[in-house]
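Peer 1: Read off the chains here:
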Amino acid sequence: MRSILPVLTVVAAILGIWLLAVIPMNMHLVADQGQRDGLVVQPETPAERQEFSGLGLAMRNPDLIPLTYNFKRPRLPSPQQVAGEMYDTIFGKKITSKRSLVYHGWVTLAPTLLGFVIGTGLGILLAVGIVYSRVMDRSVMPWAIVSQTIPILALAPMVIVVLGSMGIQGLFPKSLIAAYLSFFPVVVGMVKGLRSPSGMQLDLLRTYHASNTQGFWSLRLPASLPYLFASLKIGISASLVGTIVAELPTGARAGFGARMLVGDQYGQPLVSWAALFAAALTAAALVGLFSAIERITLKRMGMAAA
Amino acid sequence: MMYVLLAFGIWAAGWWLNLRLSNGSSAELTAVKIAVPAIFGLTIVIVWELMVRGFEVNPVILPAPTSVLARLADEGSILWADFKQTVLKGALVGYIIGAIAAFAVAILADRSEFLTRGILPVGGFMAALPIVGTAPILVKWLGSDWESKAAVVAVMVFFPILVNTVAGLKDTNAMQRDLMRTYAAGYWPTLFKLRLPSAAPFIFNGLKIGTTLALIGAIVAEFFGSPTVGMGFRISTSFGQLALDMVWAEIVVAALAGSAFYGAMTWVEKRVTFWHPSQR
Numbered sequence: 001m002r003s004i005l006p007v008l009t010v011v012a013a014i015l016g017i018w019l020l021a022v023i024p025m026n027m028h029l030v031a032d033q034g035q036r037d038g039l040v041v042q043p044e045t046p047a048e049r050q051e052f053s054g055l056g057l058a059m060r061n062p063d064l065i066p067l068t069y070n071f072k073r074p075r076l077p078s079p080q081q082v083a084g085e086m087y088d089t090i091f092g093k094k095i096t097s098k099r100s101l102v103y104h105g106w107v108t109l110a111p112t113l114l115g116f117v118i119g120t121g122l123g124i125l126l127a128v129g130i131v132y133s134r135v136m137d138r139s140v141m142p143w144a145i146v147s148q149t150i151p152i153l154a155l156a157p158m159v160i161v162v163l164g165s166m167g168i169q170g171l172f173p174k175s176l177i178a179a180y181l182s183f184f185p186v187v188v189g190m191v192k193g194l195r196s197p198s199g200m201q202l203d204l205l206r207t208y209h210a211s212n213t214q215g216f217w218s219l220r221l222p223a224s225l226p227y228l229f230a231s232l233k234i235g236i237s238a239s240l241v242g243t244i245v246a247e248l249p250t251g252a253r254a255g256f257g258a259r260m261l262v263g264d265q266y267g268q269p270l271v272s273w274a275a276l277f278a279a280a281l282t283a284a285a286l287v288g289l290f291s292a293i294e295r296i297t298l299k300r301m302g303m304a305a306a
Numbered sequence: 307m308m309y310v311l312l313a314f315g316i317w318a319a320g321w322w323l324n325l326r327l328s329n330g331s332s333a334e335l336t337a338v339k340i341a342v343p344a345i346f347g348l349t350i351v352i353v354w355e356l357m358v359r360g361f362e363v364n365p366v367i368l369p370a371p372t373s374v375l376a377r378l379a380d381e382g383s384i385l386w387a388d389f390k391q392t393v394l395k396g397a398l399v400g401y402i403i404g405a406i407a408a409f410a411v412a413i414l415a416d417r418s419e420f421l422t423r424g425i426l427p428v429g430g431f432m433a434a435l436p437i438v439g440t441a442p443i444l445v446k447w448l449g450s451d452w453e454s455k456a457a458v459v460a461v462m463v464f465f466p467i468l469v470n471t472v473a474g475l476k477d478t479n480a481m482q483r484d485l486m487r488t489y490a491a492g493y494w495p496t497l498f499k500l501r502l503p504s505a506a507p508f509i510f511n512g513l514k515i516g517t518t519l520a521l522i523g524a525i526v527a528e529f530f531g532s533p534t535v536g537m538g539f540r541i542s543t544s545f546g547q548l549a550l551d552m553v554w555a556e557i558v559v560a561a562l563a564g565s566a567f568y569g570a571m572t573w574v575e576k577r578v579t580f581w582h583p584s585q586r
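Sequences listed follow chains A and B, in order. Position 164, counted from 1, in the first sequence is what the working numbering calls 164; the numbers after and before it change by one each time, with no gaps. Take any residue in the second sequence, count from 1 to its spot, add 306: that is its number in the working numbering.
There is no bait here: all hints are sound.
Residues on chain A that point at chain B, a partial pick, calculated with CB under 10 angstroms:
hint, residue
1, 9
2, 11
3, 143
List of simulated lysine-lysine pairs, DSSO-like, C-alpha gap at most 27 angstroms:
hint, chain 1, residue 1, chain 2, residue 2
4, B, 446, A, 98
5, B, 576, A, 192
6, A, 233, B, 476
7, A, 192, B, 339
8, B, 476, A, 192
9, A, 72, B, 446
These aren't lab readings, by the way, just hints derived from the structure by calculation. Backbone N, C-alpha and C define an ideal beta-carbon position, used for all residues, glycine too.
Isolated chain B (complex conformation) (with noise of 0.2 angstroms):
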């Protein structure tokens, strides 16, 4: 019972100090705009262990943070080769072949106004499918080893890629493109001077959506065949043997990985497309 009282507690003083804050004076500083955040998720964490052990829920059900830091420190050689296999063999293979394939295609399908009409509607069509259900299937047709991984994500990540590269290729306007011509620049320096920089900023947002989808992709695929490394085979397994604090554990790391792959992303637009509007 304790517990459950400091849990709410603790609860009401997070969010006391987080309107005092925010409503402030210093509600413009960098440093509390980062601050609130970290002390409402902080919050929640430790209301979640309270209440884990104030109510002694099983850990078959739902295990304490402490607990999932504890396996996080304890397991880290085999979170790190599920890391190695499901996210840099898998998701950012199939990621980089996914982009090429799809950044080709938008390029070979721009250099004709048909292509891209046709293109666009099918490629929105297809992006908003359940693509992941062809999972078992590729892991049937390439073994159970990453390759299949990379090309489940592969084709996962083809269509957003696709469409956003398109749609970003046909983002000049005629005044600039008639600019180019008074140049005397033909099809190749258009692309490169004018049309690919101009497209950046949706390239970018289809990257972006493409890195979460990469992560989807690779752990699910895993459920359906694996070499007994990955965190997606970690997290059956484990499962299998009630280990939640290692489902949760894996759960961070792809946490982590997810937004660390995204912030990377997000860091090269900046430099990339440091002239976007909403990039000043």
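Only chain A is shown next, with the shape it has when bound in the complex (with noise of 0.2 angstroms):
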């Protein structure tokens, strides 16, 4: 709790950071517009205009500075637009009508939170196969750790066109990025964590006689459970960034991806940024989540969270 003044000072100085420019990056779109419009703007042609800059030609035109806040299609939207336009689309709009980002949310989300289960179902089994069978240990591990380091999800777009050419829409293709993204982490995260019970424990379990399965049951899964919840974590943000970049440039028509995109390439730049921050919002709602069946989880299970 002593880490909320903190926390809220960072916040508080990108906001401002992000405030102050706001005025030199629209500046010179606000200076073009205010003369059409009539008023007074200082060097007086826009190709004189070009040689200032942003901060130059507002110290020389401050009446503009707050027009700049206003703009209806600026390089940089201001907090309050941005919050304006989320505040509109999120509740001011009918859920399922096109423009409500609720409808959008739940385009990217549906697939986001389908591809995670799979990937993380599928990845505990394999964490299971890596630690019982030494040959899938030796012939798969080296290979699941070199995949970390490969940047799959830069091909997310050419999954989703070249599933679609088979004649796979909808929610599976999305599906299979976000399960790809979600699966390694959970298999090495899954492999460390049943591997975590010492020595000692192995050979106190060997004593009761019990079996592997006993052992598995008792022991690895439950001692597992902390590296689990780390791996889940870092799989869930996965998939939803795996999802989102999928829907980006393939034309999607809705989405996160889609409203992104679409804001961009019809100059509606709010549109792009409230997508964008509900991105955010929705990826630190999943990560607080998790984190917090975490901490509820391990608390009855006696260990503290890490």
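Build the complex: two chains, separate frames, hints provided.
Peer 2: As structure tokens, then:
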């Protein structure tokens, strides 16, 4: 709790920098528009204005500064504009409307969650296989580690289009990407977790004459939970990023990624920015949810949350 | 049909060989430890090739490894130009800028306990966000050449490196700091002789996370506008021409570049943090 004040300070500093940056970023556009509306603008032709930096232009036309915060198609929208647009599109529209961010959010979230569940499930199974089979450990594990250094996310749009051309559309292609991205963090984390019991603990079970299955359920699996939660948090945010990137350049009509691109292409920067922040909030909510589950579970199991 | 049966045969043979190798008496030799995953990878590539031939898969959907290899050999100069544009200019420049910025902010913030407590949660939060979504905006601001890609990369790698560096700088215990004080060491000697070295494992962790992010950022940003060279550009245009073997050739280059970048970082880490328990 004692870190609330510092966190607020850092957030306020970021907001402050943003607010200051709005002026020079939008100044040229505002000056051009102001001239068209009949205001007096200091260097009079756009060509002359290009010689000045945004800041220099603001110094010469201090009365135009307030306009930069309410410009309709800004290069950098002000925080209150983004907040307003988000409020409008989240609460102001029916959730079935194509302009509602809730609708687009669900289009992105559904494949993320489906893919995440698939990826996590398969990841845990593979991890169990790796821990109990030497061959799998030796042959698959190095590739699982190497695969994390490959920028596979960059190929997400292509995977969508290939599957689309094979006639597979809808939820599944995006889920596949989300599943792939959450798969390897879970494998690597779970292998570490399932191996975390010490030799002493394993020996104790052997003295109880416990079978491999009993050992798995009562020692290895509980011991792996802290590692599993750490991987889940990485996996869910990776899944969300994957789904969004998959939507970005593929001509998707709905979803956060599609909104970011539509706003960019049709000169509605506010739409892009609102989608960007909504995606950020979603990611934060998902990670927060898993942290909460982690805290509760580990507490009930008698382990202190890390 | 022959191809498919052969594929199953090779799969079984590869698995049997690995079974023998990893349960045999020589399982602990380094050569065997390298050979087993190599055999596994090779088996997958051969099975892939045979399956593509056996089922006569349309090369628009999945090209055979041999045709990808042929592309790699034929289009070497194009691939090299793309590599230079995307990896050496976009990704590497952005990575260095982002790392230096993160480092500078971390050391500044470190002077105040208050700021550290604020930056750690905020930075950790930012690191989990889909920052790659800023790519269209940054490409619009900075134009379509490599500068905008470097900017995307810099923003993406900034937060993981920042959080790890700040966390690392806190990782000294009171005894160690007291020792420095008995030597009458001021802030800077303490920073350089004690705290930076002990933060090194954390810093390298952040730097290694950043390597993959850098390549992703550079390639994805090219989807939103780029000059007519670059890996992201080539992937999306080859894809439009249904030249999937070229797409896969770029994937291979990206994978090699990603692993090499990561490997290089690991190598430097081994040299710098040779004293750390995880390296011994």
